[in-house]
Amino acid sequence: MSTATVQSRLTDIGPPSYQKYLPPIVLRNYGQWRHHETLAPGVLCHIAESGERLYTVRAGSPRLLSIQTLRRYADLADRYCGGSLRFTSRNNVEFLLEDPARIEPLKKELAALGIPVGGTNNAISNIVHTQGWVHCHSAATDASGLVKSVMDALNDHFTHEDLPAKLRIAVACCLNMCGAVHCSDIAILGVHRRPPQIQHEVLPKVCEVPTLIASCPTGAIRAATVEGKPSVEVIEEQCMYCGNCFSVCPAMPLSDAEHDGLSIWVGGKVSNARSKPSFSKLVIPWLPNHPPRWPEVVEAVTKIVDVYRGEARRYERMGEWIDRIGWPRFFQLTGFEFTRYHIDDFKHAGLSYARSAHVRY
Amino acid sequence: MSTATVQSRLTDIGPPSYQKYLPPIVLRNYGQWRHHETLAPGVLCHIAESGERLYTVRAGSPRLLSIQTLRRYADLADRYCGGSLRFTSRNNVEFLLEDPARIEPLKKELAALGIPVGGTNNAISNIVHTQGWVHCHSAATDASGLVKSVMDALNDHFTHEDLPAKLRIAVACCLNMCGAVHCSDIAILGVHRRPPQIQHEVLPKVCEVPTLIASCPTGAIRAATVEGKPSVEVIEEQCMYCGNCFSVCPAMPLSDAEHDGLSIWVGGKVSNARSKPSFSKLVIPWLPNHPPRWPEVVEAVTKIVDVYRGEARRYERMGEWIDRIGWPRFFQLTGFEFTRYHIDDFKHAGLSYARSAHVRY
Amino acid sequence: MADNNGNSGSNEKPATKLLDELEEGPWPSFVTEIKSAAEANDSARDLLGQLEVSYEEKKSHWKHGGLVGVLGYGGGVIGRYSDVGDQFPKVAHFHTLRVNQPAAWFYSSEALRKVCDIWERHGSGLTNMHGSTGDMILLGTTTDQLEPTFQELTHAGFDLGGSGSAVRTPSCCVGMARCEWACFDTMKLCYDLTMTYQDELHRPAFPYKFKFKCSGCPNDCVASIARSDLAVIGTWKDDIQIDQEEVGKYAAAGLNIQRDVCGNCPGKCMDWDGRALHIENRDCVRCMHCINAMPKALRPGKEKGAVILIGAKAPIVQGALLSSVLIPFVPADELLDTLKELVQRIWDFWDEYGTNRERIGELIQRVGLPAFLDGIGLDPVPEMVAAPRDNPYIYFQTEKEGDQ
Amino acid sequence: MADNNGNSGSNEKPATKLLDELEEGPWPSFVTEIKSAAEANDSARDLLGQLEVSYEEKKSHWKHGGLVGVLGYGGGVIGRYSDVGDQFPKVAHFHTLRVNQPAAWFYSSEALRKVCDIWERHGSGLTNMHGSTGDMILLGTTTDQLEPTFQELTHAGFDLGGSGSAVRTPSCCVGMARCEWACFDTMKLCYDLTMTYQDELHRPAFPYKFKFKCSGCPNDCVASIARSDLAVIGTWKDDIQIDQEEVGKYAAAGLNIQRDVCGNCPGKCMDWDGRALHIENRDCVRCMHCINAMPKALRPGKEKGAVILIGAKAPIVQGALLSSVLIPFVPADELLDTLKELVQRIWDFWDEYGTNRERIGELIQRVGLPAFLDGIGLDPVPEMVAAPRDNPYIYFQTEKEGDQ
Ligand code: SRM
Ligand code: SRM
Ligand code: SRM
Ligand code: SRM
Ligand code: SF4
Ligand code: SF4
Ligand code: SF4
Ligand code: SF4
Ligand code: SF4
Ligand code: SF4
Ligand code: SF4
Ligand code: SF4
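Residue numbers (our numbering), protein chains in the order written: chain V, 1 to 361; chain C, 362 to 722; chain L, 723 to 1126; chain S, 1127 to 1530.
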């Protein structure tokens, strides 16, 4: 430590150069890849114009990693990949090999460490998620525990490419949606269902009332004098529990153990393949928070995956499939209840109504 | 006359019974039609389960009809149809015949009267339209003259079924859109482009100021005192010339000979066939009012029809075709200019942006 | 004979240099029509004169309408006054009557002539066949002629249509009278609705206008989904009827069934293997395309009825709306009763919550469909939405539901 | 050794009855990870304890974050304090550092170990690889450790990422490093942008956060269109490259090309006649589907570049947004310069008109795209819209244009 502090102070150096950690085979064939093949779930082979072949072994990760595990990854990278590895945009780990003969030994070592290999093509990949109770004040639920519970149930679809198309799941622990769940095939979203419990004592000290009032998307907050001090009040019928007031003012916490919970959304996507990117749509407005294993959530997600797997056609993402069969049938097949909450009543609500006589029976 | 007035006064009798004017063949086969064929443009044959055949000859009409012409229709109905005829939802006249041998003679008589036969299937049908200068105070243009000018140019597409699909044109002389142009393949819409000229003298006498203020969709109107009297003022930058203030208050006329004019919209439809019903979209924000023949409008509409006819596939309505080839190519092919006005900036504007990487080059 | 409308037989024809140009060309000319009426009628002649001035000046010469009407009715007449009445005295007052059309616009020559005769006696001799709501429009008369015209009309079996904040004249497609696809009796329903709501039609008492339109199938030949507050669109519940032999004939005649029929099917539920057409009816959205393309081979199913949709309107004030599904299916023989019951609840809600000049569609947009459904006592079903909400801003009603 | 982070080697393991259940099952367990760190680190151990309490009570025990950071930087650290700090003193302060990941998350084992070593000395020993913006997240340390950690990181070649109202760490897909479809060099662009905006990244001065993401093709493997204010998505201008022989092999191998490839083409521009695949490239929307389905047979064209899109964000405040097209095509070699110039104009506009906590996408929604384009000096093109407007509420600027 002491060595570090005496060195000159560096700032604004930016990240390491983009080529710095690339393995030699990548540097040699950079931008010269011709096509790829899948050798097994989680195992890809990219073939370069030069004829060289790069093998990728993709392994699942809990994302929340100890330095002990990271060092283990580093060891594997040294042993199999000339010391280089990468993470994916969905937090998996990828080992990049030149020698196909080393794939199986690597997979064995991973298996021994309890690390599944998969997540490619028409598999379920890792769940993009957020901090939850591990590190965030806003959380209506935990993220890591949900992910673990759901992935345990879906692990076979990670290690087998047995779905009609890619299936992307995301978890966000509050409406800020750091997990960007809004465009996922299946999204699990933590929700509050009680208006903020205003802490009138501290509010004037820690928050600017005008900013606070302006923060509410529905105009539910108005100035009020409480016990002679300037504070605010919330018109409860106008509050839809978004938590934006809490983001700007700590004196507006929304957490409520009994009423917080989870909502489930489906049919969003990001890629431009076939259909345009689209938002996920509500299918279950609320499920209770039941740590440590969230059985209701696991059951609902498993149900959706099973029905989708049984019914969708090859290449149909969740949303594309539902587009074809229609939402009424989706609710029928899953047995989920359709309620008034499913009907949009926010800004562009009218555009979500069924504005045609296209009906399936 | 005098006979009528001495009779008892009848009210709330409603329209004639729905079966009252049906010809016998229709009554015999009511609800028992099996299928239909087209014998020629404007000539349909409906075959009943009974085997009976009903022949329809559809004739164009200016909609604004004198009693002289109506009597002529009545005569034709007597001569060819056992005294019965109907009008269509697009203001054409339909003669219903039992005897196919009489079709040609009827067509000849119609031709002699200068009445075209057609409008069926993949033809252009009559233009749904409104009052214009003939009878409305709001009109930014005339409707009948526009229709006559455009139909003269497109008459061949009325008498020939030579388009990829149905093509429906509508005209409305102001934003009230009595012609319901908002869901037409091609819509011609009269527009004002100057804010209301407030008649401060009469305003307080004829209008309620609060109602007037509330009528403006953009909140452009506010109370003001003008020469000591209560009136209103219009924030010009906030006015988009919708004319709703004039609808509720005569002291707010918008007409302005030089700035009024026409806009052209395309790609809407009503039917649920294939694609869902949809609104027409702006393609030309403004063309000048050039009575009596509106050459700019006729040219623009003809251009659209020609390009559509040349490029669309069988069964593709205007909007379906553009959906496939993309708006950029529509603007290229027609040579119309794309401007800032084409980009929505009203309530749901954001949803009309191109929210994908789907781009054609 | 100089009749009540003051037709004096004056011989001065106005100069109509611009309008004359509109007598050229193949399409029938409205100018010729006005001239034809003007031969015998002064107000038609003055209309021609005023219209020529409008063509010259590029502006309307009508003043903001005033309220005129017939005894006991609050609507059905559009008052109209000229702002160049000094120049054209015979159109100084020039009101129109909206007259209920017979269902699907069927007339006997006799009925048509009767209307012509009445209008010759009391009005300009000009009409619109028809107005875009569907009424027969008698174009142009004076205030004193309204009541006599009305009385003659009723005695001839015709009544006034709607205007103002009232039910407007319902309209319907030709339906069972001449169309093989009608899934319910549009003409009867349209007639029954019109009769049921005589009072609401003639005595405006709503926040704004209310339009009904009935189309026998999803082709929607009266544009109900775009132009009516309450649209009834025929459809069917069971399987499309297929005559495979006739399908084969279409193929033989050159129709590319796979590309042009199956390829355009929005339900993606059709397959043509060169010999048989297969339809996965479960996924069929009842769009009509395949039936339209092969009318001899395909027909709607046998279990017929209609979808009820609500809320269409033109853009003023908050933007145009298309109707959206309210009840996904009502059997044909239950339509009238269902509608009567439903419409009453809708009007009650509108009455209570609608603001002045707020159409039902705009009210639903404002309060939200869930609140509207609560208000009229209808359960939400997924058929009502293109898709469930995509934003997480849910007003949970935890009290109501208990807290699990 | 008791290091600066106060790891005293205490032996009391907290009881974690609920969390223990999360060590079962096939998916790697985060609980096991925390326990593993807790073996050597007290704050990891206290985290475990506090988390167990959260699991019992079903609520977070973190207080609303406070501003902490390193000298001269306004962001990169998320301050976090426990509300049960008395019970778990080692997480009373538990801040995280966001560290710029290397482009596309490539590491050498050496670099990874170096980070581990630093974090062993200064933090909890826990990380997120990676955060959902893309940063390497070093999870949990105390205020006094921030500066030393920072200094060690920079000397190891790593810098902090963004937080607060600043540019956030740009991220990119693996692109040319391992993907045959990359239409531009995503890693280089991402790196260049990050280097260009060091100041904007480290010193928050915007109305709100600003995120860049770069995907090499329309598959968008970093979800740029959904999750970045400025998305760069690779595409091509010329024809898709076809190897007909390889197409044939896919067919032979059982791929139903007509149904599953052509039938899913959103441009409706493909045809397979059993021997050759025809693509009408003019109508191709560059969706990638056919290329994805037959990677050996089809490839993007040769004239490569990218679409620039703007405005995505999560729902708070006005509803979630997807990015929309701002520039339909920029050639690959002009991307950096074009972006630098463009982004400056965007930020200037945002600076002038954006309100507090208003993302660029929400600003555009508020003022309207036309006004935004005027503001940044970009001409409107039809590629920017899914369709032109359908409402007639046009703010004509007659003065500007003269009157025709
Ligand atoms: C490694 C990674 C990029 C990175 O820089 O990290 C990646 C890599 C590849 N993606 Fe991806 N994608 C990666 C995240 C994504 C994402 C982003 C996400 O999931 O958050 C998307 C958008 C997902 C969405 O639409 O919601 C994505 C949508 C695709 C698609 C389009 C799939 C579709 O049909 O919609 C393809 C094409 C395909 O699979 O046929 C694709 C194809 C590929 C290919 C085959 C590209 C290639 O030729 O190498 C790569 C391996 C295939 C695979 O995993 O099946 N990649 N890919 C990411 C792996 C994440 C993971 O660990 O699972
Ligand atoms: C760490 C991270 C979640 C994670 O576990 O990965 C995260 C964590 C937080 N986010 Fe986030 N956001 C993270 C990625 C995102 C993303 C996803 C993305 O960038 O792709 C989004 C959605 C995309 C977007 O930007 O819209 C996101 C949308 C938000 C929002 C809503 C912003 C909005 O405009 O709607 C907030 C609220 C705010 O800014 O006040 C927020 C606020 C927060 C705060 C700072 C909560 C707060 O007010 O203090 C969280 C701190 C948690 C903590 O204790 O560390 N976070 N946040 C992600 C950053 C890691 C990284 O740097 O790599
Ligand atoms: C007579 C009329 C109904 C009436 O009660 O008056 C009518 C009658 C028929 N329509 Fe229609 N439609 C009539 C207005 C409409 C309208 C309303 C409108 O244009 O304002 C529409 C919706 C238009 C739209 O989508 O914008 C309409 C959309 C259709 C369609 C769907 C076309 C499509 O592909 O979108 C069909 C099916 C077809 O033509 O293949 C159809 C088919 C038919 C058939 C073939 C039905 C039948 O089996 O008899 C009738 C004659 C065919 C023809 O005209 O080609 N009819 N039809 C209307 C004639 C209007 C006219 O004078 O031109
Ligand atoms: C006569 C007619 C046009 C025609 O030439 O056919 C007509 C004429 C007028 N309409 Fe209309 N509307 C006519 C059908 C429509 C339609 C089409 C339809 O019903 O299918 C619409 C669009 C659909 C709808 O209802 O939204 C329509 C939407 C309007 C509006 C805008 C209403 C709205 O909610 O957006 C107004 C403005 C108003 O009500 O103040 C309006 C107002 C008017 C007024 C009364 C103007 C006024 O404020 O005084 C016009 C009287 C003209 C005149 O001097 O006779 N008219 N009006 C149509 C009625 C004839 C009939 O009864 O058959
Ligand atoms: S989604 Fe909400 S609770 Fe979860 S990390 Fe983001 S801000 Fe925190
Ligand atoms: S939670 Fe959201 S809706 Fe409720 S008061 Fe706070 S900001 Fe307003
Ligand atoms: S569209 Fe406007 S001008 Fe034309 S008739 Fe209707 S209200 Fe009058
Ligand atoms: S014309 Fe429309 S926008 Fe302009 S002041 Fe009148 S109501 Fe408002
Ligand atoms: S709507 Fe249907 S039933 Fe009515 S006329 Fe048109 S095609 Fe026939
Ligand atoms: S009616 Fe329409 S959706 Fe149904 S099978 Fe025919 S084409 Fe397909
Ligand atoms: S976005 Fe395209 S270029 Fe980048 S990794 Fe994904 S498939 Fe390859
Ligand atoms: S890239 Fe997409 S749009 Fe283009 S041809 Fe292939 S499937 Fe069709």
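The set of hints was computed from the structure by calculation and includes no laboratory data. Since we're looking at a predicted model, the values are computed, not measured. Every residue gets a Cβ at the ideal spot worked out from N, C-alpha and C, and that includes glycine. Do not rely on the hints blindly, as some may be mistaken.
As the list claims (entries may be wrong) - Capping the alpha-carbon separation at 25 Å, the derived lysine-lysine pairs in DSS-like fashion look like this:
(1) V/K276 - S/K1363
(2) C/K637 - S/K1394
(3) V/K347 - C/K566
(4) V/K20 - S/K1466
(5) C/K708 - C/K637
(6) S/K1240 - V/K20
(7) S/K1335 - S/K1240
(8) L/K931 - L/K959
(9) S/K1335 - V/K347
(10) V/K276 - C/K566
(11) C/K708 - L/K1024
(12) C/K381 - L/K1062
(13) L/K971 - C/K637
(14) L/K785 - C/K566
(15) V/K276 - S/K1394
(16) L/K990 - V/K276
(17) L/K971 - L/K990
(18) S/K1466 - S/K1363
What the hints assert, rightly or not - Take a look, some chain V residues computed to stay more than 10 Å from chain L by CB distance:
(19) P100
(20) K276
(21) E299
Claimed, not checked - Which stretches of chain L does chain C cover? Using the computed rule of at least three CB atoms under 8 Å from a CB of chain C, they are:
(22) 740-752
(23) 791-803
(24) 820-829
(25) 860-874
(26) 887-899
(27) 1060-1069
Against the structure, the hints come out as follows:
At most 25 Å may separate the alpha-carbon atoms for a hinted pair to count; V/K276 and S/K1363 meet this at roughly 19 Å. For a cut-off of 25 Å, the pair hint linking C/K637 to S/K1394 stands: about 18 Å separates their Cα positions. Taking the CA atoms of V/K347 and C/K566, the gap is about 38 Å. The hint is violated against a cut of 25 Å. A C-alpha spacing of about 24 Å is found between V/K20 and S/K1466, which places the hinted pair at or below 25 Å, so the restraint holds.
Taken as a hint, the C/K708 and C/K637 pair is honoured in the structure, with Cα atoms around 22 Å apart against an allowance of 25 Å. For the suggested pair S/K1240 and V/K20, the alpha carbons sit about 15 Å apart, so the restraint of at most 25 Å is met. At most 25 Å may separate the alpha-carbon atoms for a hinted pair to count; S/K1335 and S/K1240 exceed this at roughly 30 Å. With a CA separation close to 32 Å, the supplied pair L/K931 and L/K959 exceeds the 25 Å bound.
The suggested pairing of S/K1335 with V/K347 holds, with an alpha-carbon distance near 23 Å, which does not exceed 25 Å. Proximity of V/K276 to C/K566 is assessed by CA-CA distance (about 55 Å); at most 25 Å being required, the pair is judged violated. Taking the CA atoms of C/K708 and L/K1024, the gap is near 43 Å; set against the 25 Å cutoff, the hint is violated. With a CA separation close to 24 Å, the supplied pair C/K381 and L/K1062 stays within the 25 Å bound.
Straight-line distance between C-alpha atoms of L/K971 and C/K637 comes to about 29 Å, which puts the hinted pair past the 25 Å bound. Restraint check: the Cα-Cα separation between L/K785 and C/K566 comes to about 16 Å, which is no more than 25 Å; the hinted pair holds. Between the alpha carbons of V/K276 and S/K1394 the distance comes to roughly 14 Å, so the proposed pair stays at or under 25 Å and holds. Between the alpha carbons of L/K990 and V/K276 the distance comes to roughly 18 Å, so the proposed pair stays at or under 25 Å and holds.
Distance restraint check for L/K971 and L/K990: the Cα-Cα separation of roughly 23 Å lies within the 25 Å cut-off, and the hinted pair is therefore satisfied. The suggested pairing of S/K1466 with S/K1363 holds, with an alpha-carbon distance near 22 Å, which does not exceed 25 Å. With a least CB separation of 41 Å from chain L, V/P100 remains clear of the 10 Å interface cut-off, as annotated. Every CB of chain L lies more than 10 Å from the CB of V/K276, the least distance being 14 Å, so the non-interface label holds.
Every CB of chain L lies more than 10 Å from the CB of V/E299, the least distance being 15 Å, so the non-interface label holds. For the segment 740-752 of chain L, the stated coverage by chain C holds: 11 residues have a C-beta nearer than 8 Å to a C-beta of that chain, and at least 3 were required. Only when three residues or more bring their CB closer than 8 Å to a CB of chain C does the claim for the segment 791-803 of chain L stand; here the count is 5, and the claim holds. Check result for the segment 820-829 of chain L against chain C: holds, 8 residues qualifying (beta carbon to beta carbon below 8 Å, three or more required).
Counting residues of the segment 860-874 of chain L whose beta carbon lies closer than 8 Å to any beta carbon of chain C gives 5, which reaches the threshold of three, so the coverage claim holds. As drawn, the segment 887-899 of chain L meets chain C at 6 residues by the rule of a beta-carbon pair under 8 Å; at three or more, the given contact holds. For the segment 1060-1069 of chain L, the assignment as covered by chain C is violated, since 0 residues bring a beta-carbon within under 8 Å of that chain's beta-carbons and 3 are needed.
The structure does not agree with the numbered hints 3, 7, 8, 10, 11, 13, 27 stated previously, though it agrees with the rest.
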